[in-house]
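Chains as they are written, first to last, in numbering that gives the first Met the number 0: chain A, 0 to 258; chain B, 0 to 315.
Keep in mind that the hints were calculated from the coordinates and are not lab data.
All values reported here derive from a predicted model rather than from experimental measurement.
Take these hints with a grain of salt, some might be off.
[Claimed, not checked] Computed cross-link-like contacts, DSBU-like style, restricted to lysine-lysine with a CA-CA straight-line distance of at most 30 Å:
no.: 1; chain 1: A; residue 1: K92; chain 2: B; residue 2: K235
no.: 2; chain 1: A; residue 1: K92; chain 2: A; residue 2: K167
no.: 3; chain 1: A; residue 1: K12; chain 2: B; residue 2: K127
no.: 4; chain 1: B; residue 1: K120; chain 2: B; residue 2: K109
no.: 5; chain 1: B; residue 1: K20; chain 2: A; residue 2: K257
no.: 6; chain 1: B; residue 1: K120; chain 2: A; residue 2: K257
no.: 7; chain 1: A; residue 1: K12; chain 2: B; residue 2: K1
no.: 8; chain 1: A; residue 1: K92; chain 2: A; residue 2: K252
no.: 9; chain 1: A; residue 1: K257; chain 2: B; residue 2: K154
no.: 10; chain 1: B; residue 1: K140; chain 2: A; residue 2: K92
no.: 11; chain 1: B; residue 1: K109; chain 2: A; residue 2: K12
no.: 12; chain 1: B; residue 1: K117; chain 2: A; residue 2: K92
no.: 13; chain 1: B; residue 1: K154; chain 2: A; residue 2: K92
no.: 14; chain 1: A; residue 1: K167; chain 2: B; residue 2: K140
no.: 15; chain 1: B; residue 1: K127; chain 2: A; residue 2: K92
no.: 16; chain 1: B; residue 1: K120; chain 2: B; residue 2: K140
no.: 17; chain 1: B; residue 1: K120; chain 2: A; residue 2: K92
no.: 18; chain 1: B; residue 1: K154; chain 2: A; residue 2: K12
no.: 19; chain 1: B; residue 1: K175; chain 2: B; residue 2: K235
no.: 20; chain 1: B; residue 1: K6; chain 2: A; residue 2: K257
no.: 21; chain 1: A; residue 1: K92; chain 2: A; residue 2: K12
no.: 22; chain 1: B; residue 1: K117; chain 2: A; residue 2: K12
no.: 23; chain 1: B; residue 1: K20; chain 2: A; residue 2: K252
no.: 24; chain 1: A; residue 1: K257; chain 2: B; residue 2: K1
no.: 25; chain 1: A; residue 1: K12; chain 2: A; residue 2: K252
no.: 26; chain 1: A; residue 1: K12; chain 2: A; residue 2: K167
no.: 27; chain 1: B; residue 1: K20; chain 2: A; residue 2: K92
no.: 28; chain 1: B; residue 1: K117; chain 2: B; residue 2: K1
no.: 29; chain 1: B; residue 1: K6; chain 2: A; residue 2: K252
no.: 30; chain 1: A; residue 1: K92; chain 2: B; residue 2: K287
no.: 31; chain 1: A; residue 1: K12; chain 2: B; residue 2: K140
no.: 32; chain 1: A; residue 1: K252; chain 2: B; residue 2: K154
no.: 33; chain 1: A; residue 1: K92; chain 2: B; residue 2: K175
[As the list claims (entries may be wrong)] Just some of the chain B residues that point at chain A, by a computed CB distance under 10 Å:
no.: 34; residue: L52
no.: 35; residue: I85
no.: 36; residue: F87
no.: 37; residue: T89
no.: 38; residue: V165
no.: 39; residue: I167
Beta carbons: idealized from backbone N, C-alpha and C, even for Gly.
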Amino acid sequence: MQSITAVNIVAFKTMVVKEVRRFMRIWVQTIVPPAVSALLYMTIFGTLIGSRVGEMDGHRYIDFIVPGIIMMAVITNSYGNSVSSFFGAMFQKHLEELLVAPVHNAVILAGFVVGGVCRGMLVGSLVAVVSLFFTRLHVENPLITIAVVILTSTLFSIGGVINSVFAKGFDDISIIPNFVLTPLTYLGGIFYSIHLLPDFWRGLSYFNPVLYMINGFRYGILGRSDISIGWSFLVIVVFIVILAAIALRLLNKGVGIKT
Amino acid sequence: MKALEIKGLTKTYDNGHQALKGVDLTVEQGDFFALLGPNGAGKSTAIGIISSLVNASEGSIRVHGLDLETRRNQCKLLIGLVPQEINFNTFESPLHILVTQAGYYGISRKVAIERSEKYLKLLELWDKRHGSSREMSGGMKRRLMIARALVHQPKLLILDEPTAGVDIEIRRSMWKFLQEINSSGTTIILTTHYLEEAETLCRNVAIIDHGTIVEQGAVNDLLSRSMTQSFVLDLKQSPASPPQLNGFRVVSCSGRRLEVEMSVGDNMNTLFSQLAAQDIEVISLRNKTNRLEEFFLRLVGRQASPDENKTDGASA
Ligand SMILES: Nc1ncnc2c1ncn2[C@@H]1O[C@H](COP(=O)(O)OP(=O)(O)O)[C@@H](O)[C@H]1O
Ligand SMILES: [Mg+2]
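Please put together the full structure from these sequences, using the hints given.
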């Protein structure tokens, strides 16, 4: 008999190829818009307003916000990718192609997540390239930078899968990005150092997981941030473990996908 | 060995509707088996459970002797499913759809491409391999799903109403194709509400209605248990009054068309001699309804009558 493990290795590769092909096929919707908005942010906040802001935490304002803008692109795109891919597969029913096949739920989850990570990385790199028009972008710790991007996009890709499982319609897949993700990202210190905040708001900010990701990434690039890098990794990894457990449980129970 | 063995299968949907009420079913390896029943009988529910798309409420299923609950992935390798509704990604090309599906069954990319070519050619879709699957006709989409179900060369092919809404010419070519697949050793189970399909293709049949198997056996046996059949006779001249027949029932008589119902085993000669005695000449004769269909309607019609439904509901 065929080994199910061997089957799942091939199945996983197949899923990744399929996921990457999906977002590359519609690159005008998936790759270009985040690059355009990053360009706008950097022009308006970085150059026009930034020249009046002066320094933030000892860095030029544009240098300070570039890591945040890259991270924002990584977060929204990894999340957006797994939401639209998974929900689309549920909606069009071709998720059934996977459900009838001998593929473990963990592999199904991993396939969608890696798809989201690939899109997050691709878009993040593109935004980084855009930022070269505005700043020199010297990367202090390349390994930490890459690790934070991979972990963060993993986390949000899992979030996207969970969102899809509960979604009944297209409205439901825009609620979380609009009302949870965007505020958390903006309040996660993309544009400011939390040291500027009054005590109360600064205290509250520590409950925002996105703060740890943006600061982890900023540490990777600038070598300095509001949060220690150890805390950043810890928070991200803990969230990944929790969300992955939830996502797997939902898939195993067949919530939203099996009757 | 048995390709499929179902015992005491029940399914109650979340809304409380009991779609299956204790189904027992056995399909031998190599069989061509029809699960026959009217709309809403529970066919797709049963297929959904066998192919892991629907969770069963109770009961056990064995595929080639393997328990579906405990050896699910091994069972999945043995099964190919053609679902009732289109469920492929219409943004992808037929070739991609097949290669991807093969990958989900652990088939390496190189072999997957060869297999996809083989089955797309067999199902006459090779010309369309790079085209948009969204723009294909209903028959082509159905054939694409058959190709997709075969790409991992399953031992048990399950088709849920594969020919519904497909025109007669394509239906016949699909039948021929399925017969070839079956004679090369693949067990086939199909659901249908076309009696002709079951009669033409299948050796064994189970009739399901309201979530219960009401009859099961070889198609030929069921046919021989179908007690009556009707014939339509074309007469040379219209008779002045309907003929009086002893032992046969005149269903209708209008113009030169006479419809007679007789029991299986009745002697046709007796009918003709009685007609001849009344100066009625018969020019031609044809079997009016498919006998399986009559049998089916009697079984299902009885079950589906409103009175029966009430008692059914009360006892459930
Ligand atoms: N997801 C569902 N939720 C509730 N009831 C369902 C669901 N799917 C099917 N049913 C009901 O179960 C019964 C059997 O349906 P189905 O198995 O699709 O029948 P068939 O395939 O024989 O036409 C029908 O009464 C149908 O309305
Ligand atoms: Mg059905």
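Enumerate the violated hints, using their earlier numbering and listing them in ascending order.
As far as the earlier hints go, 1, 6, 7, 19, 30, 38 and 39 are violated by this structure, in ascending order.
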